[in-house]
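**Q** If you're matching them up, the sequences are chains A and B in order.
Counting in this note's numbering, the first sequence runs from 24 upward without gaps.
Counting in this note's numbering, the second sequence runs from 24 upward without gaps.
Wrong hints could be hidden among the right ones.
Which copy is meant is left open, so a pair is good if it fits within one copy or across any two.
Listed next, the in silico BS3-like pairs over lysine-lysine satisfying Cα-Cα at most 27 Å (straight line) [to be verified]:
hint : residue 1 : residue 2
1    : K80       : K98
2    : K262      : K294
3    : K294      : K216
4    : K98       : K257
5    : K262      : K278
6    : K25       : K105
7    : K60       : K25
8    : K105      : K239
9    : K80       : K105
10   : K278      : K25
Treat the hints as calculated values from the structure; they're not laboratory data.
Number of protein chains: 2
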Amino acid sequence: MKIAIYGYGNLGRGVECAVRQNSDAELVGVFTRRDPKSVQTASGAPAYGADQILDFKDQIDVVIICGGSATDLPKMTPALAKDFNVVDSFDTHANIPAHFANVDAAAKEGGRVALISAGWDPGMFSLNRLYASAILPDGADYTFWGRGVSQGHSDAIRRVPGVLDARQYTVPIQAALDSVRSGRNPELSTRQKHLRECYVVAEDGADLKAIETAIKTMPNYFADYDTTVTFVSKEELAKNHSGLPHGGFVIRSGKTGRDGEHSHTIEYSLKLDSNPEFTGSALVAFARAVVRMSQRGDSGCKTVFDVAPGDLSPLSPEELRAHML
Amino acid sequence: MKIAIYGYGNLGRGVECAVRQNSDAELVGVFTRRDPKSVQTASGAPAYGADQILDFKDQIDVVIICGGSATDLPKMTPALAKDFNVVDSFDTHANIPAHFANVDAAAKEGGRVALISAGWDPGMFSLNRLYASAILPDGADYTFWGRGVSQGHSDAIRRVPGVLDARQYTVPIQAALDSVRSGRNPELSTRQKHLRECYVVAEDGADLKAIETAIKTMPNYFADYDTTVTFVSKEELAKNHSGLPHGGFVIRSGKTGRDGEHSHTIEYSLKLDSNPEFTGSALVAFARAVVRMSQRGDSGCKTVFDVAPGDLSPLSPEELRAHML
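Isolated chain A (complex conformation):
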C-alpha cells in the first residue's frame, strides 16, 4: 500500500517510523503546510506542499492525516476524503458524531473509505470497552490514563503568567485501580481516579506561589484533581521530561451465573515510551484495513468498530487461522 503522510509533526514522524516497519507499506511522501524545502524527513522521503497532494491522486492508496483535533482535522479529513482513502486520529470524543457525519458525506461523494478516530483512545481503548461490555453486559468499565504526558494540560500551564515551559503527567491512582480490579465496581470521583503532576520552569523572579495557585485552581484542567507542582530548571525539564510516554488501563468487571455469583475481570493496558509513535503504528495498521475495504468496493466513514480485525494484519486469513487463532 502506498501511504501519504499529511502533516509532519510528532504524529507524522511516528507514522513515518511505522511505515518502515511494515514491508507491505511504502511512503509516497510527506505533505506539509510549511515550505517543503525547509522539511528534512527522517526517512529521506520527499516532502511536498500540502496543496500539491491532488497531483498525486493516482499514486496514493491512503492518506494518513496527522493534524490536530481542535481545528485541523474537522476541515482536513472531509476535504481529503473526497479524493483519497484517509485515516485520522480525531480524539475530541464529544464531537465524534458531527465529525463522522461530515466525513461520511465527503467519502460517499468520492466513493472513498475514511476511518476516523484511530489510535489508542479513541482506538484500542474504545475496542476494549466495546468487546468487554458485549461479553459482560452486567458490569461496569473504567478507563484510566497514564502515567503519561498530557499535551493539552502542559499547554494550559504554559499559558499561566510567569511560566516559561511545563510538562504535565496524568497519573492513575493505585488505590482506585486496585478497587476496580477487585470487582467491587466502585463509584469513583474524578479526584479519586487520577492525580496530576506538573513540572514547571518559571521566569526569573516570578511569583512561584502565585503560579502554583493559578495551576491548582484552574477550572476543568486541574481544580477537580489533586495536583502537585514542582519547579525545575530548564535543563532539568529537558533532561528528565522530554519524552512523550503514555498509556493506561481499560478494566471491566462483570457478573455471570444464575444469580450473579461469579465475577470476572477483563483488563487491557498499554505502557508506551512514545505516544506519537505508538499512535502512528496503530494508524498504519488501520490504513491497511482502509485500503482493503476500499478494494472490496466499500465507501463512507468508518471507525475502529467497523473494521474486521483480520484486515489489520499483513498475514492472509489462512495464515492468521493457522498461527494466531
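With the hints as your guide, set chain B onto chain A.
**A** Then chain B, alone, in the frame of chain A:
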C-alpha cells in the same frame, strides 16, 4: 435473536445464564443427546432431543453448539451449519484449518453463517494477539494461562491407577510474567512459563509415592513442567476445588522509532471465576454478530478475526460512536 443451545453440559449452562443477561436474546430451547425428559434446565427453557432440532428450523436464528472439540464439534458443526447459523468454541488449535474447511463447505452449501473457535482462547486472546502484532510488528508476544483449572490435565490425573478424583491448576510463573512485561522479549522454556498444581484424592491404601511419580513423569501433560502434587480428602476437594476459575495474559512488547529506541507493552488479561460462564457469555455476543452477518446476506465459515467489533454489541452504530468510541 432466537438462540438454541445444542449440548447441555457446563458450557451449555453458561450460555443459558448469558442469554438471560441480553435483552435482545431469547432461548428457544436446549437440545440434548440425553433423554430430554431427564433434563431440567436452570431457566425453565424447554429441553428437546438433539434429533428434533430440524423441526425448529424456522424458529431459530442461531444455534450455539456446546460440544467437546475432540469428537463432538468436528461432526456437529458441519452437520448443523447446513441448516442453521451456528457458533462453536472449537479449541484444538492445530486442527482449526481442517475444521474451518469442513464447516465452510457446509455453511456455503446451506447459505448460512458459521463462526468457529469463539470464546477466550481461541477467541479474545487470539484477537489480542492479532491486534497487538498488527500494531507492533517489531516485537514478540506471549500467552500465559491461569491460574485456572485445566479439565484435560485433571482428567489425565484421574486415569492414574489409585486416583479417585483430581483437580489440576495451571499457574503462570511470576518471574516469567515480570520478564515479559519488562520488554526484554525473553526466550522462555515451557518450564519457565507455567507450573502445574495437582490436588489428588487417592484410594484408601494406594501407593502415594507411585501416584506422585506417575503424575510428574507423564509425558506431554506434566513431564516438561515443575509439578506439585498435594493429596487431599474427597471432602476437601469438594470444598476448596469445585469451581472452574481460569484466565491468563496475552502480552506483546515491541519497539518503534528511528532505531527501535522506544519500547511499548500491550497487555490483555482475564481473571474468571467461571470459565464456562465467561466462554458462554462470549459465545452469545458472537452469536449476535453471526445473526447480523447472515441478515446482510453473508455466508460461509468465519472466525473472530472476520467479525467487525460493532456487530457484537446490542447498541447501534450511532450509540457506539457517541458513547463508547
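**Q** Find the hints from earlier in the document that the structure breaks and name them by number, from lowest to highest.
**A** Per hint list: 4 and 8 violated.
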